[in-house]
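Going down the list, the sequences are from chains X and S. 36 is the number of the first residue of the first sequence in our numbering; add one for each residue after it. -1 is the number of the first residue of the second sequence in our numbering; add one for each residue after it.
Calculated directly from the structure, the hints in this document are not laboratory data. One or more of the hints may lead you astray.
Derived pair list, reagent style EDC-like, types lysine to aspartate or glutamate, alpha-carbon separation capped at 20 angstroms [claimed, not checked]:
#1 S:K26 <-> S:E69
#2 X:K137 <-> S:D157
#3 X:K127 <-> S:D94
#4 X:K85 <-> S:E69
#5 X:K85 <-> X:E210
#6 X:K137 <-> S:E90
#7 S:K29 <-> S:D65
#8 X:K211 <-> X:D221
Quick list of the computed label-pair ranges, beta carbon to beta carbon [said to hold, decoys possible]:
#9 X:P105 <-> S:S241: 52 to 62 angstroms
#10 X:Y213 <-> S:T143: 46 to 56 angstroms
#11 X:D251 <-> S:D65: 27 to 37 angstroms
#12 X:T143 <-> S:D65: 34 to 44 angstroms
#13 X:D264 <-> S:A64: 50 to 60 angstroms
#14 X:Y136 <-> S:T263: 16 to 26 angstroms
Each residue gets a CB set at the ideal place from its N, CA and C atoms; glycine is no exception.
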Amino acid sequence: MGDSQYSFSLTTFSPSGKLVQIEHALTAVGSGQTSLGIKASNGVVIATEKKLPSILVDEASVQKIQHLTPNIGTVYSGMGPDFRVLVRKSRKQAEQYLRLYKEPIPVTQLVRETATVMQEFTQSGGVRPFGVSLLVAGYDDKGPQLYQVDPSGSYFSWKASAMGKNVSNAKTFLEKRYTEDMELDDAIHTAILTLKEGFEGEISSKNIEIGKIGADKIFRVLTPAEIDDYLAEVE
Amino acid sequence: MSQSAVDVPPKGGFSFDLCKRNDMLTQKGLKAPSFLKTGTTIVGLIFKDGVILGADTRATEGPIVADKNCEKIHYMAPNIYCCGAGTAADTEAVTDMVSSQLRLHRYQTSRDSRIITALTLLKKHLFSYQGHVSAALVLGGVDITGPHLHTIYPHGSTDTLPFATMGSGSLAAMSVFEAKYKEGLTRDEGIKLVAEAICSGIFNDLGSGSNVDICVITKGNNEYLRNYMEPNPRTYVSSKGYSFTKKTEVLLTKITPLLERVEITEVGEAMEE
């Protein structure tokens, strides 16, 4: 494409007005493992595939869904190491906010600050954009919230969203299945069904991860036993 | 925006620029404001199942009691608490800062904080400020390696002890501990001994007073007993209240308008610019 001459330098616009490196970053995200999130009336659920490169990898040591604060969790699609760096930065920002205002950081604020970091890496010299899109799930005074943050630094609040390899099928499925008054348990079932749609192989508690937050405002990653229970209910 | 939360001097460490200004001002005759100090009695001891910390609740500003019921036992982590003596602002700021660092560390490591971690973070900070941060602390808690109790001095040195006291009332409290402490105390015996030591500080030291706060930390549990004992209740409160003579102005209600009330009626159209 004619843009290719402009695709080497991050900080140069192409004639069509795009920053091609960011497009490439989105491609990196699009080839990552599927992850999705659903906002229910009384909570939020986020889930992801956990396909390990080999059966020899100790799957208990891998955790893709991470806490940012006691009431905010996050999952990604794309490059794992970039995710680790972002999680570290976000945790620090949440902690600084708490230290300054003695108030747990609202979800929108944390998303905004994380998005600002991601944007900085699209407008600096010598760095590349992050190769991850994040789904941030939280429950604060404004109720349950779900945000998606892209490598460009743009973020949107979603009722349900998916990213990664199977994004188009997953989003179509979610559009059909989503209802405004869904409860958290229904949302978890829908999340599992959506993951199942494009899943290669047998879905089990060892190759997916689910995180949820309810009205108790405590973000938890489900144990494999709990995932097994939900899987049995879905069958 | 996150930069403004922590103002770090450009080269790191303490910036002594304002000290020259302060010297110049004192030479010119300006009396420096005194600090709000917690002339204090703080204690800690290790008992059979964990650690008990105790503190009095008086904060002094020179000869005046500034706060009759302040909190000197600060939260560091769910399993670690810290008593602070010295300048109240310093103890609060330093424990708040280290508590924040410990929380971040817990997220990164997915583990409970250890007392030795809190100890090292505190002593590094205090040492780098060369004793200008006037915080003398008794740090105690229970972690995976067991119960621990430490004292930290403003210059950054630390001790590890089975029982400890700090503050202006430390000698009074230590005399109680030295006489009655033994290993393997039960919870009730430990609380009784800590309360006795704090009371000894409250009654024998001018800088300590009011009530006794106690914090009991055991494996997986902590109990913050705020105002566990109140040995200085306010007696002789007159039930009649104050009675003024009938002529006292204060009992009259008189409203004096400061400005004439003027009614404004809108006439005509608004000015056109």
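Here's how the hints hold up against the structure:
| no. | hint | verdict |
| --- | --- | --- |
| 1 | S:K26 <-> S:E69 | violated, 37 angstroms |
| 2 | X:K137 <-> S:D157 | violated, 32 angstroms |
| 3 | X:K127 <-> S:D94 | holds, 15 angstroms |
| 4 | X:K85 <-> S:E69 | violated, 48 angstroms |
| 5 | X:K85 <-> X:E210 | violated, 24 angstroms |
| 6 | X:K137 <-> S:E90 | holds, 13 angstroms |
| 7 | S:K29 <-> S:D65 | violated, 23 angstroms |
| 8 | X:K211 <-> X:D221 | holds, 14 angstroms |
| 9 | X:P105 <-> S:S241: 52 to 62 angstroms | holds, 54 angstroms |
| 10 | X:Y213 <-> S:T143: 46 to 56 angstroms | holds, 49 angstroms |
| 11 | X:D251 <-> S:D65: 27 to 37 angstroms | holds, 36 angstroms |
| 12 | X:T143 <-> S:D65: 34 to 44 angstroms | holds, 37 angstroms |
| 13 | X:D264 <-> S:A64: 50 to 60 angstroms | holds, 57 angstroms |
| 14 | X:Y136 <-> S:T263: 16 to 26 angstroms | violated, 47 angstroms |
In this structure, the earlier hints numbered 1, 2, 4, 5, 7, 14 are contradicted, and the remaining ones agree with it.
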